[in-house]
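Produce the entire structure from the sequences given, and follow the hints as far as they go.
In order, the protein sequences belong to chains A and B.
So the first sequence is residues 1 to 241, counted in this note's numbering.
So the second sequence is residues 1 to 410, counted in this note's numbering.
Quick caveat, the hints were computed from the structure, so don't treat them as lab data.
Don't take each hint at face value.
As the list claims (entries may be wrong) - Here are the in silico distance ranges between beta carbons for each label pair:
#1 PHE323(B) <-> MET1(A): 28 to 36 Å
#2 TYR393(B) <-> MET1(A): 41 to 49 Å
#3 HIS177(A) <-> ILE331(B): 50 to 58 Å
#4 PRO17(A) <-> LEU19(B): 42 to 50 Å
#5 GLU31(A) <-> LEU19(B): 54 to 62 Å
#6 MET125(A) <-> ILE331(B): 20 to 28 Å
#7 MET288(B) <-> LYS14(A): 42 to 50 Å
#8 SER75(A) <-> ILE262(B): 50 to 58 Å
#9 PHE323(B) <-> GLN113(A): 25 to 33 Å
#10 ASN13(B) <-> GLU31(A): 44 to 52 Å
#11 GLY43(A) <-> LEU19(B): 38 to 46 Å
#12 SER75(A) <-> MET288(B): 38 to 46 Å
#13 GLY43(A) <-> ASN13(B): 30 to 38 Å
#14 TYR393(B) <-> THR29(A): 38 to 46 Å
Unchecked claim - Under the rule of at most 27 Å between Cα atoms (straight-line distance), these lysine-lysine pairs were calculated in the BS3-like manner:
#15 LYS138(A) <-> LYS312(B)
#16 LYS150(B) <-> LYS140(A)
#17 LYS140(A) <-> LYS163(B)
#18 LYS129(A) <-> LYS4(B)
#19 LYS123(A) <-> LYS157(B)
#20 LYS162(B) <-> LYS58(A)
#21 LYS123(A) <-> LYS138(A)
#22 LYS14(A) <-> LYS397(B)
#23 LYS397(B) <-> LYS121(A)
Given the structure is predicted, the values throughout are model-derived calculations rather than measurements.
Glycine residues also receive a C-beta, built at the ideal position from the N, C-alpha and C atoms.
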Amino acid sequence: MSIIKTEHLSRYYKQGPVQIHALQDVNLTIEKGDFAVLAGPSGSGKTTLLNMIGALDKPSEGKVWLDGHEITNLSRRQTSHLRRDRIGFVFQFYNLIPVLTAYENAEFVLLLQGVDHDIRKKKVMALLKKVGLEGLEKRKPHELSGGQQQRVAVARALASDPAVILADEPTANLDSHTEEGLMDLMEDLNREMGTTFLFSSHDPEVIKRARRLIVLRDGEIISDKRMSPESSDQSPEDSGV
Amino acid sequence: MVMKLAFRNLRRNLRRSLLTVTAIALGTALALFSIGLGDGGHRQMIENGVRIGQGHLTVQREGFLESPSSSLYIRDPGPFLDAVTLSPYVDNAYPRIRGEGILATAAGAEGVMFQGIDPAMPGEATIFRDSLTEGEFLTDFNAAQVVLGKKLADRLKLALGKKVVLTTQDAGGEITSTLVRVKGIFRSGSGTIDGSICLMPMGYLQKALGMGEGVTSIAIYLHNPFKQEEALADIGRQLPPGPEHLYEWQTLQPDLRDYVVIDDAFGYMIYAIVLLIVAIGVLNTILMSVMERRREIGILTAVGMENRDVMKMILVETVFITFMGITLGVIIGLGVNWYFSTYGLDLSSLSSQNDWSLAGTVIDPVLRSHLRPHRAVGLCLAVFLLTVTMGIYPAWKASRILPVEAMEKP
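Here it is as structure tokens:
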């Protein structure tokens, strides 16, 4: 069952008289429970594609479906609700709210949804425990390490039980040890909770763990492979990245 | 959540928030002080004006205002005095004879405004009694006495006990002259008043001008000058019918009225400029804080916060800063007003000639603040509305931030 579908998706930017094609005619389907990675060099269109799927940006052409609903032409309010209820985001620079504690950051989306205090508390505490931040609930982002901040971001992304978690270069600012821990966490969540993950990354560690690898170059998909456990041992270069 | 974020944002940049609060507080306090001092000054002027002049309200014959002739007199003031003193708004009512004439001595002649008063009535002509510098005040209802200003006395080379002739029109429209002796000399602080007003006993003038028991006006003083409209309606209903009319001081002393109106208008302009500067400061602070938090606002909207909540958050910050500023400003403003209403602001050293006359009245060189509650509330509302209105633009701008653009770079 597909959770994300794009059809002839294109995104152009105007730079003076020149039109830059960030994304060209991308047709992609992500199945429920996928642990997929969008790979490719810088400027290949990974983040642009994630932004379209995450309703953070509108395509110049083409359509996007999320969980069976077309999201391309929603109003600003509708896209806010969609992002709040159906999509979890994990960004490269953590993007936590600096004035809120770890607990409050994880709780934020639930507050926007109007979830009752008791349910919120139970859920957030369980999520923070799951991402290994038990005891650090009251810390503000600047009091946490990069890895811990990214774990808060994961907890925040999971809080609303989204249809998909979109992670844009989530390990780019982490050391290898922290990166491994974070990827383990997301793999566990994918396995245990069935959460769909779609990453953008050119990090070999992330690509190695992908069960599906979609390679982009110059805004186009140049390969889309299901990875067997054996093939996941191959190097990114072997995968066409 | 919106409130929590707004308060935390303000606390995060505490110094900037406090500076903005201080700017609003100082602007509000300054405006409150100016209003208090301005209103206090006007109140003093009006009170002195009506004390020297003809009361908050005056009963007099129609046409007397345009041509103050002794022939336009109230023949029987009794029923009018009864009607006036029945009103709960009235503190005192004084029958008077007012007119224009010439005071002459061997040294010269001067045009004067003369007032015939009953010296036995408590509270009558206190402003002249209090400023008496030589001799005594009028002592007898029927005596041929005069109390005049120092400037007038000097011009006519008059001293205590000296004779002076008043020439004026009598009740029958004929020119008449009468001789009086100088009983006292006052120095009010106003060169205009000291050079043009003289007081005489009413009984003496009634006889000299052939008025019988008549007077030219009844000066009415109110318990609360701010209830003048109500008093006017109440007394107006009770006056006996006839050619006598009830006038407000604004009609009888248009110079004073115009001065207060113009000075108020000028004051409003100054307050508006001060408040506008404060409001622009608030706009700058909030706009700067929005621009600094562009990325953060992008994150909030990326994870699902609605634009209207972003707008609400910025407006809550503006409202809170404004509220704090106004509260602090009111505390400072009330404190300053209390000080200057108790101890006054002494400006006496600023006048080289020691002449404190303005708009036909005398002002007290020690200004006392008088802040009326509705003026303070009005100002606070104006500050609040102006600054919060200024917050709308940054709030709207914040709500238009697109997450994909705001989060491009850290």
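Results of checking the hints against the structure:
| no. | hint | verdict |
| --- | --- | --- |
| 1 | PHE323(B) <-> MET1(A): 28 to 36 Å | violated, 53 Å |
| 2 | TYR393(B) <-> MET1(A): 41 to 49 Å | holds, 47 Å |
| 3 | HIS177(A) <-> ILE331(B): 50 to 58 Å | holds, 56 Å |
| 4 | PRO17(A) <-> LEU19(B): 42 to 50 Å | holds, 46 Å |
| 5 | GLU31(A) <-> LEU19(B): 54 to 62 Å | holds, 55 Å |
| 6 | MET125(A) <-> ILE331(B): 20 to 28 Å | violated, 43 Å |
| 7 | MET288(B) <-> LYS14(A): 42 to 50 Å | violated, 30 Å |
| 8 | SER75(A) <-> ILE262(B): 50 to 58 Å | holds, 55 Å |
| 9 | PHE323(B) <-> GLN113(A): 25 to 33 Å | holds, 30 Å |
| 10 | ASN13(B) <-> GLU31(A): 44 to 52 Å | holds, 46 Å |
| 11 | GLY43(A) <-> LEU19(B): 38 to 46 Å | holds, 44 Å |
| 12 | SER75(A) <-> MET288(B): 38 to 46 Å | violated, 30 Å |
| 13 | GLY43(A) <-> ASN13(B): 30 to 38 Å | holds, 36 Å |
| 14 | TYR393(B) <-> THR29(A): 38 to 46 Å | holds, 44 Å |
| 15 | LYS138(A) <-> LYS312(B) | holds, 26 Å |
| 16 | LYS150(B) <-> LYS140(A) | violated, 79 Å |
| 17 | LYS140(A) <-> LYS163(B) | violated, 93 Å |
| 18 | LYS129(A) <-> LYS4(B) | holds, 24 Å |
| 19 | LYS123(A) <-> LYS157(B) | violated, 100 Å |
| 20 | LYS162(B) <-> LYS58(A) | violated, 101 Å |
| 21 | LYS123(A) <-> LYS138(A) | holds, 16 Å |
| 22 | LYS14(A) <-> LYS397(B) | holds, 23 Å |
| 23 | LYS397(B) <-> LYS121(A) | violated, 33 Å |
Taken one by one, the earlier hints fail for this structure at numbers 1, 6, 7, 12, 16, 17, 19, 20, 23, listed in ascending order.
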